[in-house]
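**Q** Spelled out, the chains give:
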Amino acid sequence: MINVQQKDFVVADEYQKLADDNQDGAVVTFVGKVRDFNEGLGVQGLSLEHYPGMTERVLGEIEAEAHEHWPLNKVIIIHRVGDLTLGEQIVFIGVTSPHRKAAFAACEFLIDFLKTKAPFWKKELTSEGSKWLEAKASDSKISQQWSTKLTN
Amino acid sequence: MIKILFFARLREQLSTDSLQISASENMTTELIRQQLANTDDLWAKVMSADSLLVAVNQQITDWSHSVNTGDEVAFFPPVTGG
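If you read the protein sequences in the order shown, they are chains A and B. If you read the first sequence in my numbering, its first letter stands for residue 11, the second for the next number, and so on. If you read the second sequence in my numbering, its first letter stands for residue 55, the second for the next number, and so on.
Chain B with its partners taken away, still in its complex shape (with noise of 0.2 angstroms):
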C-alpha cells in the first residue's frame, strides 16, 4: 500500500486528510496523481491545480519521482509559514 496524505487547502476541499491506495508497477508521482484525479470534478479540479507540490517520503520532488509500496506521498499547496 501506498500512503497518501494531504494538506491545508487541499485537505478542506477533498475533506480527507490521507488515503490508502494499492502500488501497481511503475508507479510515479505523476500518474497517482491522475488516478487521484479520475475520483471526480472536484478531485479532478483540485489535483489540477498548477501550483500543486507533491513530496515522496517527506521530500518534496518533482512529477517522474517513482513511488512504491510503502512510500508515503503528500499532495500540498504552496508553504506560507513563518
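Bound conformation, chain A alone (with noise of 0.2 angstroms):
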C-alpha cells in the first residue's frame, strides 16, 4: 500500500494493518521525522513538494523491487507533503515476512531507494531563512551499493 498524504499517520494503525496475518514471524517498521538541526542550522520546520503522479509510480516500482528481492508479505510506504514541523513524522515503511532478516533489509532497501529515486523535494524553514535541501551523495552511494549487492 502507498499512500502520499498531507496527514499525519498513526504507526498503531499501521501496525495493526501490517501485524494482522499469522504467517508472518516478523513485522519492520521505519519512521523519519523532522528533526531540529541540518549543516549546522537549526531547523524550524520544513514544506515537502512531490510530483504527483510519478511519486506513486516510483514507490510502486521501489516496493515491487523488493517483492523480488525478499520474501516479502505486506509493504506499506506513506509518505507526507505540505508543511512539516519539528518533530512531525514525514515518512513510514512498514514490512512483514516470515523472517526478520528479510524484513529489515527490504525495510532498509525502501527507505534508502526512496531517498534517492523517488520525486519528492524539501525545503527547510532555518534560522537563517528557508532553503532547498541539497542531495547528499552519501546517499546516492548507499543506493548504489544496494544495486550492486542485489544484482550480483
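It is possible that some hints are incorrect.
[As the list claims (entries may be wrong)] In silico contact screen, one side only, chain A against chain B (beta carbon under 10 angstroms); selected entries:
| no. | residue |
| --- | --- |
| 1 | 26 |
| 2 | 29 |
| 3 | 31 |
| 4 | 121 |
| 5 | 129 |
Note that these hints are calculated values from the structure, not bench results. This one's a predicted model, so the numbers in the text were calculated from it and none came from an experiment. For glycine and all other residues, C-beta sits at the position ideal for the given N, C-alpha and C.
Assembly of the complex is requested from the two constituent chains, each provided in isolation within its own frame, with the hints serving as guidance.
**A** See the structure below:
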C-alpha cells in the first residue's frame, strides 16, 4: 500500500494493518521525522513538494523491486507532503515477512531507494531563512551499493 | 503540444511550474533544454545546472530521449525526500 498524503499517520494503526497475518513472524517499521538541525543550522520545520503521479509510480516500482528480492508479505509506504513542523513524522515504511532478516533488509532498502529515487523535495525553514535541501552524495552511494549487492 | 513541468528549486527560480511548447520533428530532451535555456540569462543559468534531471512521462531519462507531441517532460533537481 502506498500513500502520499498531507495528513499525519498513526504508527499503531499501520502496525495493526501489518501485523494481522499469522504467516508472518516479523514486522519491521521505520519512521522518519523532522529533526532540529541540518548542516549546522537550526531547523524549525520543512515544506515537502512532490511530483504527483510520478511519486506514486516510483514508489510502486521500488515496492515491486523489494518483493523481487525478499520473501515479503505486506508493505506499507506512507510519505507526507506539505508543511511540517519540528518533530513531525515525515515517512513510514512497514514490511512483514516470515523471517526477520528479510524484513530488516527490505525496510532499509525501501527507505534508501525512496530517498534517492522518489521525486520529493524538502525545503527547510531554518534560523537563516528557508532553503532547498541539497541531495547528499552519501545517499546515492548507499543506493548504488544496494544495486551492486542485489545484482551480484 | 508538449507539457513541460518544473519542480522545487527550479519552479521557484523560474517563477513557473508549467508551460506548453509545440512539438517539432526529432525533438529530444536535450533540444528542449536548449530551447528553454535560450529564453534569457536566468533560464540559461537554471537550465544549464549540472545536477538537472529530466523525466519523460514520469520516468527519469537521459538527454537523448526523444520527445513527441502529447508527452509530459519534467525538469527538477536531485530528489531529497525521506
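**Q** So, for every hint listed, does it hold in this structure?
**A** Going through the hints against the structure:
no., hint, in the structure
1, 26, "violated (24 angstroms)"
2, 29, "violated (24 angstroms)"
3, 31, "violated (27 angstroms)"
4, 121, "holds (6 angstroms)"
5, 129, "holds (5 angstroms)"
Hints 1, 2, 3 from the list above are not met by this structure, while the remaining hints are.
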